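With chain G held as given, fit chain B onto it using these hints.
In the order they appear, the protein sequences are chains G and B. What the first sequence shows, in this note's numbering, is residues 1 to 167, in sequence order. What the second sequence shows, in this note's numbering, is residues 1 to 167, in sequence order.
One should not assume that every hint holds.
Where chain B lies over chain G, by a calculated footprint (3+ residues, C-beta under 8 Å) [what the hints assert, rightly or not]:
id, region
1, 44 to 55
2, 149 to 159
One side only, chain B facing chain G, incomplete, derived with CB under 8 Å [to be verified]:
id, residue
3, Leu46
4, Asn114
5, Val154
Between beta-carbon pairs, the in silico distance windows are [said to hold, decoys possible]:
id, chain 1, residue 1, chain 2, residue 2, range
6, G, Arg121, B, Asp6, 57 to 65 Å
7, B, Leu55, G, Asp133, 32 to 40 Å
8, G, Thr164, B, Thr133, 43 to 51 Å
9, B, Leu148, G, Ala24, 20 to 28 Å
10, B, Gly99, G, Ala13, 43 to 51 Å
11, B, Trp3, G, Glu7, 26 to 34 Å
12, B, Trp120, G, Val77, 30 to 38 Å
13, B, Ala19, G, Asp133, 47 to 55 Å
14, G, Asp133, B, Ile8, 51 to 59 Å
15, B, Thr133, G, Ala107, 38 to 46 Å
Since the hints were derived computationally from the structure, they do not count as laboratory data. What you are looking at is a predicted structure, and each value in this text was computed from that prediction instead of being measured. Glycine included, C-beta positions come from ideal geometry on N, C-alpha and C.
Listed below, chain by chain, are the residues.
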Amino acid sequence: MEPSLSEFSKWLAATTLSHMIKSAGWIIPTLQTIHILCVAAVFSAAVLVDFRMFRLFEREVPLGEVTRRFLPAIWPVLLILLLTGSLLIVGEPRRALLNSTFFLKMALLLAAVLLTAGLQRSVAASPGFWERDRGRRMAAKAVATLSIAIWCGILFAGRWIAYTQGG
Amino acid sequence: MAWFRDAILYVEDSAIADAIRENDLLFPTIESVHVVAICLLVGSILVLDLRLLGLASIERPVSRLVSAILPVTWGAFALAAGSGFLLFLSNATKYLANGCFIAKMFLICAAGVNMLVFHWVSARDLPQWEKDTSPTLRARLAGALSILLWIAVVACGRWIGYTMPVL
Numbered sequence: 001m002e003p004s005l006s007e008f009s010k011w012l013a014a015t016t017l018s019h020m021i022k023s024a025g026w027i028i029p030t031l032q033t034i035h036i037l038c039v040a041a042v043f044s045a046a047v048l049v050d051f052r053m054f055r056l057f058e059r060e061v062p063l064g065e066v067t068r069r070f071l072p073a074i075w076p077v078l079l080i081l082l083l084t085g086s087l088l089i090v091g092e093p094r095r096a097l098l099n100s101t102f103f104l105k106m107a108l109l110l111a112a113v114l115l116t117a118g119l120q121r122s123v124a125a126s127p128g129f130w131e132r133d134r135g136r137r138m139a140a141k142a143v144a145t146l147s148i149a150i151w152c153g154i155l156f157a158g159r160w161i162a163y164t165q166g167g
Numbered sequence: 001m002a003w004f005r006d007a008i009l010y011v012e013d014s015a016i017a018d019a020i021r022e023n024d025l026l027f028p029t030i031e032s033v034h035v036v037a038i039c040l041l042v043g044s045i046l047v048l049d050l051r052l053l054g055l056a057s058i059e060r061p062v063s064r065l066v067s068a069i070l071p072v073t074w075g076a077f078a079l080a081a082g083s084g085f086l087l088f089l090s091n092a093t094k095y096l097a098n099g100c101f102i103a104k105m106f107l108i109c110a111a112g113v114n115m116l117v118f119h120w121v122s123a124r125d126l127p128q129w130e131k132d133t134s135p136t137l138r139a140r141l142a143g144a145l146s147i148l149l150w151i152a153v154v155a156c157g158r159w160i161g162y163t164m165p166v167l
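Same shape as in the complex, but just chain G:
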């Protein structure tokens, strides 16, 4: 896997798009700024719903209404994140593709997407799903804790990519 990814990085770095991204010093920090702002939106949307599940935020508003307000916005913003993230990889392929922290971030992202989509669906299908009884309310707090941990893990991994790049 290593040599092929290395070859791929080399090929990617030689593309016209990669040269364009590297052609001016402001392009990569600008892409990173857009990326972080979108991360802020997605992270806050997910975490505010988690806080609601802990009854720490908007507790007088039904969970279904809070998820409807915050979670749908995650998906279009995630597309901008994939776009800016992809452009950053094209600009500096080795920084991410030869870096296990990047793959950890992607694995955590997959987990966060599944968890958040599952949460959104469960509440849409049955608004009282997480508040039906004591057991469900406990489960809601466990899910919220897991969600916060995974999203924080994504942000930590994102920052650590800069410190663990090999090539």
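Positioned in the frame of chain G, the structure of chain B alone reads:
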């Protein structure tokens, strides 16, 4: 300003500043906490700004949303300021010589002033319009200015990494 220089040199020589500077794990870890805190700070402020612009959470009265979100915002701000201060300590002289860092501090102050002006001036007649889906022009201006200022804060923060050779 001699006392200020002395104070900066003193904190920079402190054991804690030395530890953050020299330890391979400490700086990126504090930086990661800083990123998490800023994301929640900016994201939670965005929730309010979008409400003031009449673009999201429009069915919630402004004062209710403010009291729900402000504890999150202030908690995130405390964490961002605390972790940011620790990062600053480690290389205080270099940060103070960095234009992006200075700009970031001024922009944060400007965002604070914008918030105070909204609180003291524009929100005086809040009970009259807080249930309106599209708030007053002054409130919408406060929301728009807040979004622009925080985008600039994040951009300056990202640019510090590219303009300070030590990092």
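Any of the earlier hints contradicted here, and which numbers? Violated hints (numbers, rising): 4, 10 and 11; every other hint is consistent with the structure.
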